[in-house]
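Given the coordinates of chain A, work out where chains B and C should sit on it, guided by the hints.
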Amino acid sequence: MRVIVEGLSKTYRDGSGQDVVALDGIGLTVEPEEFVAILGPSGCGKSTLLNVVGGLLGATGGEVAFEGERRAGQPLTATVFQEFALFPWRTARGNVEFGLEELGVPAAERRARAARFIAMTGLEGFERKYPHQLSGGMRQRVGIARALAVEPAVLLMDEPFSALDAQTRTLMMEELLGIWERTRTSILYVTHNIQEAVYMADRVVVLSRRPGRVLEVVPVELKRPRHEGQMGEAGFLQASERIWGLIKSQAQAALVEERR
Amino acid sequence: MSCARIGILALAWSLLAICRVVPAAHADSPVKIGALKLTSSAPLFVGMDKGFFKEFGIEPELVFFQAAAPIATALATGQIDVGATGITAALYNIVLGGEQIWLVADKGREWPGYPLTGIVVQKELYDGGLRSIADLKGKRIGITTLGSTFHYSLGNILEKSGLKLVDVRVVPLQTMPAALEALKGKQVDAILLPQPFPGTAEAQGFGKILFWAGDLHPWQTVAVFFSKKFAADRRRAVAFMKGYVKASRYYYDAVLVQKDGRPAPGPHYDDVVRITAKYTEAKPEVIRLGFPYQDRNARLLVTDIERQMAWWTENGFMKRTIPLKGIVDTSFVEEAAKAVPEQ
Amino acid sequence: MAVERVAAHDRASFLLRADHRLLRVGALAGLLVLWEALTRVGWIPALFLPSPLGVIRELGEMAASGQLFVHLDASLRRLLLGFALGAVAGVAVGVVTGFFSRAEAVGQPLIAATFPIPKIALLPLLILWLGLGEPSKIAVIALGVFFPMAINTYAGVREADPLLVRAAVAFGAGRWSIIRKVILPSALPMIFAGLKLGAGTALLLLVAAEMIAADSGIGFLVLHAGNIMDTTKLMVGIVCLSLLGVLSHWVLTRGERLAVPWRCTA
Chain A
1 MRVIVEGLSK TYRDGSGQDV VALDGIGLTV EPEEFVAILG PSGCGKSTLL
51 NVVGGLLGAT GGEVAFEGER RAGQPLTATV FQEFALFPWR TARGNVEFGL
101 EELGVPAAER RARAARFIAM TGLEGFERKY PHQLSGGMRQ RVGIARALAV
151 EPAVLLMDEP FSALDAQTRT LMMEELLGIW ERTRTSILYV THNIQEAVYM
201 ADRVVVLSRR PGRVLEVVPV ELKRPRHEGQ MGEAGFLQAS ERIWGLIKSQ
251 AQAALVEERR
Chain B
1 MSCARIGILA LAWSLLAICR VVPAAHADSP VKIGALKLTS SAPLFVGMDK
51 GFFKEFGIEP ELVFFQAAAP IATALATGQI DVGATGITAA LYNIVLGGEQ
101 IWLVADKGRE WPGYPLTGIV VQKELYDGGL RSIADLKGKR IGITTLGSTF
151 HYSLGNILEK SGLKLVDVRV VPLQTMPAAL EALKGKQVDA ILLPQPFPGT
201 AEAQGFGKIL FWAGDLHPWQ TVAVFFSKKF AADRRRAVAF MKGYVKASRY
251 YYDAVLVQKD GRPAPGPHYD DVVRITAKYT EAKPEVIRLG FPYQDRNARL
301 LVTDIERQMA WWTENGFMKR TIPLKGIVDT SFVEEAAKAV PEQ
Chain C
1 MAVERVAAHD RASFLLRADH RLLRVGALAG LLVLWEALTR VGWIPALFLP
51 SPLGVIRELG EMAASGQLFV HLDASLRRLL LGFALGAVAG VAVGVVTGFF
101 SRAEAVGQPL IAATFPIPKI ALLPLLILWL GLGEPSKIAV IALGVFFPMA
151 INTYAGVREA DPLLVRAAVA FGAGRWSIIR KVILPSALPM IFAGLKLGAG
201 TALLLLVAAE MIAADSGIGF LVLHAGNIMD TTKLMVGIVC LSLLGVLSHW
251 VLTRGERLAV PWRCTA
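Sequence lines, in order, name chains A, B and C.
Going by our numbering, the first sequence opens with residue 1, and the numbers climb by one from there.
Going by our numbering, the second sequence opens with residue 1, and the numbers climb by one from there.
Going by our numbering, the third sequence opens with residue 1, and the numbers climb by one from there.
Some hints here could point you the wrong way.
To be verified - EDC-like, lysine to aspartate or glutamate: derived pairs with alpha carbons at most 20 angstroms apart:
(1) B:K54 <-> B:D233
(2) B:K319 <-> B:D304
(3) B:K137 <-> C:D215
(4) C:K181 <-> A:E101
(5) C:K181 <-> A:E102
Claimed, not checked - Taking beta-carbon pairs under 10 angstroms as the criterion, some of the chain C residues facing chain A (in silico):
(6) V169
(7) G172
(8) A173
(9) G174
(10) S177
No lab work stands behind these hints, which were simulated from the structure alone.
Owing to the predicted nature of the structure, the values given are computational and were not obtained by experimental measurement.
Here a beta-carbon is modelled for each residue, glycine too, at the ideal position from N, C-alpha and C.
Isolated chain A (complex conformation):
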């Protein structure tokens, strides 16, 4: 599935009644089976962009379109949230099955499909546990399994690992890449971490401070499957420096700006 974003703008009214332009004329494309990262300083509207693509927010201008073949009943998108957003009253399996329930999938088939992704995300043995009984990394695995289980055309991930500690984050990144190699879903991945973006993505869309505009789309010339060793390679460092160069001044300004 290809995702085409054209001239996307989003304006909203803040608490004091003033108009805030979150996104200004965003244009980007996600090719089928591509892993695209969106990166930018605080307040650049990257989460807003993801929410519009995911149908959780309306656009004020421009358009988001999906092009390509779709299986019957296949949802366009599924989201993995930064704060996990798991239902605490459901077990891990219950959470994974949620999307399938809403799609009307009968119980036996739900079980089977959920089981596949539970296995894929390394949750075997933990199906009956409640989120409060799981560690942060395990919880996000559930979040990922839940999104994968509906087998969406596009997977949206909103800073999925920023709530985890550094070690877990590194391990989870590896895992995600492993899963993606197997499913090859198009992924739109929001992050503020340059290393993360370069390590995971095929291309990195760099956004400016508010109002968010596309500064540049930086391609990542690294072979797949990715591995840790590549972090020292020239291609990795070049891309990282390029991106940092783009947003350093933006980040400094964002630091002192009041958060609206």
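For chains B and C alone, kept in the frame of chain A given last:
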């Protein structure tokens, strides 16, 4: 003056002040009489209004209650000296429970030909054919409290017609005015209440007096009680009783005399009606319907006391009966009756 | 300058709270023993405060004769029916006013206006409308339970994590799916808090209702025993009421643990 001196003087002064208050326990203090605003309390009202108690050196103070049971409690705790009320299961249980009160004189009996407690039914039900005790089967009967004199009357009257208490629905309504209201509001089919309530129900048109309890089952219903402390104060207790016996005779001669089975009002009839209406706040026409019977010299029907205790015990309201000498003391009324001259 | 060597010591030890299990049990037992002793010696008149053993004996007799169970059955029936009615209605209203803004605009002022009315005061009115029998008793209990349930459920619904609602929408949930699968489970802790509040009110109203025109039930037992001055039976009634209160609290706490395993509330 030093602080210590002032302190001692203040202390002495307060002690003196207290001493002035303490003598309240002597002969001059009023005798507290707990009673209900009923026609059956007429002899007491007469005694107060005509100064019979004062004649014998007693200062009476009437304390009104809404039902008989609280009077029993007040007697047990010594808050009143004399109780003039129905003999209830509560009273017997107080004595069984270890607190002494004494049954000393008559103040009203359910007696044939004399109205005390009336069985009042809804006017509509009467018009619709409810005419006998047997017709009360399955009906809702309002009384004040369980264990009251009305409960006793009802139980015995039902038994005489071959019914039992379980054959009707007894509805406790706590106070007499509430029971009257319940009949008016049709929440119960019949009530048992003493005069003047039955008269009022008929006068206001929502009730019809089916029977007077005394015509169906006579018994020693209302009595005068002494608290333990008051009974021990022999001089004052007998003095009170003298005033009461005099009032009792006045009452009897005025309203209870009958010739050939018909009431023959005595010379002071209107006076007694007036006094009763004044204290009960009921209309004189209602009072004139009739006065409850009591012995001219206020003597108790002692044998009935035993019968009552047996019935309560049989029906599970008392654990066991009390020997008569543990609850009845007729010496006061005997002494007073002998001492008070006839007028 | 001399070199000192001082050991660190625990300055917070006085904040530790021991369980004092022995004292807990001992205090209650000791009180009962003292009470029994004072009654036997005669310092406490038996009529005014029956001895614990006397109360236990009476309880046994009433159980043996079956009388106790007649009263317990009547009271429990009224309590459970009234409680169920009030709880279901309360949760429904709470969910509707919490989720739908129009319902909130209509419902909230109504509830705020009627909630402060002491339900006991409504009892005579209910008797007038529904008669002296069971319906008025069950109605007053239901009313007493309705309000804490409606108010607590409303609060629980409003408190639902917007992130979770968004996540549900992201996975395709519609309005009713959200209410059933996100809002209600989310509100369960508040609902249980409301149930516990309601249980206390229900018991209070049960006794009040049974004291006005009933011929069975624990409240009736207490009233009746008081009327005939059988203070031992009176104490049995009071003990039963206390046990009912403890039992209902225990049941609700266990129920909460089962229904809300993801939150450990007291």
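> Does the CB of C:V169 sit less than 10 angstroms away from some CB of chain A?
Replying inline: Holds, about 6 angstroms.
> Do the alpha carbons of C:K181 and A:E102 lie within 20 angstroms of each other, as the hint requires?
Replying inline: holds, 10 angstroms
>> Interface hint check: C:A173, Cβ to nearest Cβ on chain A, cutoff 10 angstroms. Holds or violated?
In response: Check passed: Cβ of C:A173 comes within 5 angstroms of chain A, closer than 10 angstroms.
> When you check the alpha-carbon spacing of B:K319 and B:D304, does it fall within 20 angstroms?
Replying inline: Holds, at roughly 19 angstroms.
>> Can you verify the interface hint for C:S177: is its Cβ closer than 10 angstroms to any Cβ in chain A?
In response: Nearest chain A Cβ about 6 angstroms off; hint holds.
>> Using the nearest Cβ pair, does C:G172 come within less than 10 angstroms of chain A?
In response: holds, 4 angstroms
> Under the criterion of a CB-CB separation shorter than 10 angstroms, is C:G174 in contact with chain A as hinted?
Replying inline: holds, 8 angstroms
>> For a C-alpha distance cap of 20 angstroms, please report whether B:K54 and B:D233 respect it.
In response: Holds, at roughly 17 angstroms.
> C:K181 and A:E101: Cα distance at most 20 angstroms?
Replying inline: holds, 11 angstroms
> Given the hint that B:K137 pairs with C:D215, does the C-alpha gap stay at or below 20 angstroms?
Replying inline: Holds. B:K137 to C:D215 sits at ~17 angstroms (cutoff 20 angstroms).
Violated hints: none; the structure is consistent with every hint.
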